[in-house]
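The lines below spell out each chain.
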Amino acid sequence: MTAIAPSLPALRDAFGDAVERVAVSCGDTIVYLRRDRVHDALAWLKQTPGQEFDYLTDVTAVEYRDPERPLEVVWQVRSLGRKVDLRVKVALDTAEPLEVPSVYDLWKGADWLEREVYDMFGVVFTGHPDLRRIIMWETYAEGYPLRKDFPLRGHFSRAEQTRQALAANPEAHYSLDELSIAEAFHELPKDVRERLRRGDRGFLR
Amino acid sequence: MSHRTVEYNLATPGLDAEGRPIDIPLGLGLKDTHEYRVPGQFDESFGAEHMLVNIGPQHPATHGVLRLVIELDGETVIRVIPHIGYLHSGFEKLGEYRQYNQIIPLTDRTDYLSPMANNVGFALGVEKLMGIQVTERCRVLRVIACEMSRIISHLVWLGTTGIDLGAFTPFLWSFQERERIYNLQEAWTGARLTTSVTRVGGMMADVPDGWIAALREFCRTFPATLAEVDTMFTRNAIWIGRTQGVGVLSRDEAINRSLSGPMLRASGVDYDVRKDRPYLDYETYDFDVPVGEHGDIYDRYRVRLEEMAQATRILVQAAERLEKLEGTPLNVDDPRVILPPKSRAMSDMEAMIFHFKQVMEGVKPPVGEAYLGIENPKGELGTYLVSDGTAKPVRWRIRPPSFLNLAALPRMCEGALLSDVIAINASVDIVMGEIDR
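Residue numbers (numbering that gives the first Met the number 0), protein chains in the order written: chain A, 0 to 204; chain B, 0 to 436.
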């Protein structure tokens, strides 16, 4: 396969042992970084003259079928001017809380991408200003659909899913933020207000 | 597209060019009475409350099941909160339970306005993973597939955006032309929408006899429709008033927000995957990439209109090449991915084994991962595949271009009017099948 991307020696010089491993697959260079340095490294890649990875192509995660293997969070960065790609990864032990720093402060494009990874894998991006579920609804209680321990048909039975859908609280279609804009909170029925205060925004338990 | 030919100063009656109310003497003598109020000065309590307006998910102007919750101060947008997910189908999860060739029908249904381009994007991703280079005839056919998709996708965008801004006629023109491409797709694949035209290492089918002539006929007559649309819109005062300077995104912001495709190029970034990271021999075709400079709806319109003309140019060149390649093989000669001919499978032991293994076990890429981006009509469609050596991917990630383009909507709508939200949303060219996946 082709050679390792030329950014690597400079990245190693700047971050030393934070670069855990480098691999090449199908011509793409993959850098495994330590979790606590990944934000600094991405900021360095974006801002250093000569690197200029100014474009965040994608943020996603990969969980392998082998339960022993860690879950990987993947950032694809690109330099539009130099026409170079780089894939940065952080390996996370699934037995521990899944947390990585958000890169929203570097790229606004990370906003929805990180929300999607949170929604689908349960990875928490610390520092993200508005980390909510994005594709599944806010009160979705079955877990994180793209995790390997999530069955294809979901955790709940079809009957349970139907019951929850029918019992759903219509106000749950609006976030608390949105309800506060409308100043609609005080107009809600008393029991709904109490449930919202308790933080119960979903179905009736 | 360097300079705008026409700039109109459209002032609403009663307002001057800056939007301030003009004090028009009504001649009723009200000025002297206590009832007279200087225009523009209202009771404080009128403006105190913000209003929450919900648009969608069932609303024709949201182009699918998009829901927007909008905070309004009068008619001015304070904040737009998009809600997506109403068309979530779990394609990426389903892909983990399917063999590679079985995923291709799922790609039809992501960006359903350009199914053929999605098929090509996925097949190229798997071929990168396996290190396969497809035949020249296959590459030319895939270019035709991609460029036809670009035209039909942009035509839908043009027609629906016209309707959103009150122009109905171009919608009929564009759908008439779109129908002709659908007929071509139907003749090629048997399906109008769910084409599933590619396979790993080749194509599902070759084009039938007389197809190239029909494609040439389309390429000959289509520019006339583009010229008509150009006459109708490009110098139209209403169109210009609704689109110029609305929904502006600067160059830096467009890059920072990971925009791609016409949205990125309208903001003045000269980036096109076909030029900068060529696949399918795009570097050998003669075409231009239109780039805007203002980053508003009008520039997005100009970019997409020109892209349709350029796609037609590529189609003409590809049709010429396809005629020269008459009789050359369509699929790669690789028993890992392409079935041997049935006659050989029935007479040759080795061919039968390959046939059996492929049908029973499927295509098995080696352990590894690959990311490949192609220039879809909406922007850069990325396919990120991770393989553990089995016949089903560990992870199939679609990098959805209109998902990222839509994420910039709240920023573009800040301070706009409610009616501009419809125009800005239309200019993003979203397709919910891809956003929700």
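Each hint should be verified, as a subset may be incorrect.
To be verified - Keeping only pairs whose Cα atoms sit at most 27 Å apart, straight-line, the calculated DSSO-like set for lysine-lysine is:
#: 1; chain 1: B; residue 1: K341; chain 2: B; residue 2: K391
#: 2; chain 1: B; residue 1: K92; chain 2: A; residue 2: K147
#: 3; chain 1: B; residue 1: K356; chain 2: B; residue 2: K323
#: 4; chain 1: A; residue 1: K107; chain 2: A; residue 2: K82
#: 5; chain 1: B; residue 1: K391; chain 2: A; residue 2: K82
#: 6; chain 1: B; residue 1: K341; chain 2: B; residue 2: K356
#: 7; chain 1: B; residue 1: K92; chain 2: B; residue 2: K391
#: 8; chain 1: B; residue 1: K323; chain 2: B; residue 2: K92
#: 9; chain 1: A; residue 1: K147; chain 2: B; residue 2: K391
#: 10; chain 1: A; residue 1: K45; chain 2: B; residue 2: K274
#: 11; chain 1: B; residue 1: K363; chain 2: B; residue 2: K341
#: 12; chain 1: B; residue 1: K363; chain 2: B; residue 2: K391
#: 13; chain 1: A; residue 1: K147; chain 2: A; residue 2: K45
#: 14; chain 1: B; residue 1: K92; chain 2: B; residue 2: K363
#: 15; chain 1: A; residue 1: K147; chain 2: B; residue 2: K363
#: 16; chain 1: A; residue 1: K107; chain 2: B; residue 2: K274
#: 17; chain 1: B; residue 1: K274; chain 2: B; residue 2: K323
#: 18; chain 1: A; residue 1: K82; chain 2: A; residue 2: K45
Quick caveat, the hints were computed from the structure, so don't treat them as lab data.
Is it true that the CA of K363 (chain B) sits at most 27 Å from the CA of K391 (chain B)?
Between K363 (chain B) and K391 (chain B) the Cα gap is close to 8 Å, so the pair holds against 27 Å.
Sort out whether K147 (chain A) lies within 27 Å of K92 (chain B), counting only the CA atoms.
9 Å, holds
Satisfaction of hint between K82 (chain A) and K107 (chain A), Cα-Cα up to 27 Å
21 Å, holds
Can the restraint linking K391 (chain B) and K82 (chain A) be considered satisfied, given a maximum Cα separation of 27 Å?
Roughly 31 Å separates the two Cα atoms, so the pair is violated.
When you check the alpha-carbon spacing of K341 (chain B) and K391 (chain B), does it fall within 27 Å?
Holds, at about 25 Å.
Has the given pair, K363 (chain B) with K341 (chain B), been kept, meaning a C-alpha gap of at most 27 Å?
Between K363 (chain B) and K341 (chain B) the Cα gap is close to 21 Å, so the pair holds against 27 Å.
Checking one constraint from the list: CA of K147 (chain A) to CA of K45 (chain A), max 27 Å. Satisfied?
33 Å, violated
Is K107 (chain A) close enough to K274 (chain B), meaning Cα to Cα at most 27 Å?
26 Å, holds
Next pair to validate is K341 (chain B) with K356 (chain B); report whether the Cα-Cα distance is within 27 Å.
14 Å, holds
Can the restraint linking K356 (chain B) and K323 (chain B) be considered satisfied, given a maximum Cα separation of 27 Å?
Violated, at about 35 Å.
Regarding the pair K82 (chain A) and K45 (chain A), is the alpha-carbon distance no greater than 27 Å?
14 Å, holds
Decide if the proposed pair is consistent with the structure: K45 (chain A) and K274 (chain B), CA atoms, cutoff 27 Å inclusive.
Given pair K45 (chain A), K274 (chain B) holds - Cα atoms ~23 Å apart, limit 27 Å.
Going down the numbered hints, you'll see the structure goes against 3, 5, 8 and 13, while the others check out.
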